[in-house]
Amino acid sequence: MFCTNCDKESDSLSLKDPVCDCCGFDNSYVLQLIEENDDELETEDEIRSSVECAQRSVILFGLVSAGNGEDRDAIVAWLKKEALWEYVTEEEKAFFESQQLTKRSVINATWRIESLAILLWALYKLPAFNNFSELCDLDAIKNACDFYLKESKNFIENAELRSDDEIFDANELIYDSHWKVRDATINHQPIPEEIDSSIVQERHHAINWLIGYCGQEWDEITTDT
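In terms of the working numbering, the sequence shown is numbered consecutively and its last residue is 232.
These are calculated hints, taken from the structure and not from any lab test. No false leads were slipped in.
Computed list of lysine-lysine pairs in PhoX-like fashion (alpha-carbon distance at most 20 angstroms, straight line): (1) Lys100 <-> Lys88; (2) Lys87 <-> Lys157; (3) Lys110 <-> Lys15; (4) Lys110 <-> Lys100.
Computed spacing ranges between beta-carbons, pair by pair: (5) Glu173 <-> Asp231: 20 to 26 angstroms; (6) Gln196 <-> Glu158: 46 to 52 angstroms; (7) Ser17 <-> Asp183: 22 to 28 angstroms; (8) Ala191 <-> Glu158: 42 to 48 angstroms; (9) Lys100 <-> His195: 37 to 43 angstroms; (10) Lys15 <-> Asn161: 40 to 46 angstroms; (11) Glu227 <-> Asp18: 19 to 25 angstroms.
Keep in mind the model is a prediction, meaning the values are calculated, not measured. No residue lacks a Cβ here, since even glycine has one placed at the ideal position from N, Cα and C.
Take these sequences, add in the hints, and give me the full structure.
Here it is as structure tokens:
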């Protein structure tokens, strides 16, 4: 199967050995889902609220900033002051509080900016998200996140989500693009030039969380295709 974090194929992934040899990601959750009956997997998707989306956006901007070398202690103190620390996931807390960050954890944190771009788009803070071969507009994201290390209350309370139709249309586009990457990989074909696998992976993670895919929380999100 393919690792749901790095998209690399591994024949050794199993419930007994769920950790990817390439990136170290624990695939236990998706492997457990595969083992379950289809009836047990039927969980109705429910789009997250505007408040949830805004809170997650604030946290992700803090995470990305920490990955880019900003003072982690200052970011943690800010998130606690904004009463957002309880919404930080266990994996994110481990990153913020780590005594010695790994290169991989830093890379993973900085890549979350592509997830953030999707959430900001959903909140009308970005007019569109770039095509799947282009990184998101860093300046536009910084401008949208002018709450950084300041009060985020207005950003969260005044948040407004795009329509369900727009969000599900974006989900379909992202899903189809990610499927093209995996289909090419499975069939030993070149990945389409118009799609960067890392970009589409992050965007798929974010949109699946936003639509409430299978009721999964942020750290548990799978990007099935």
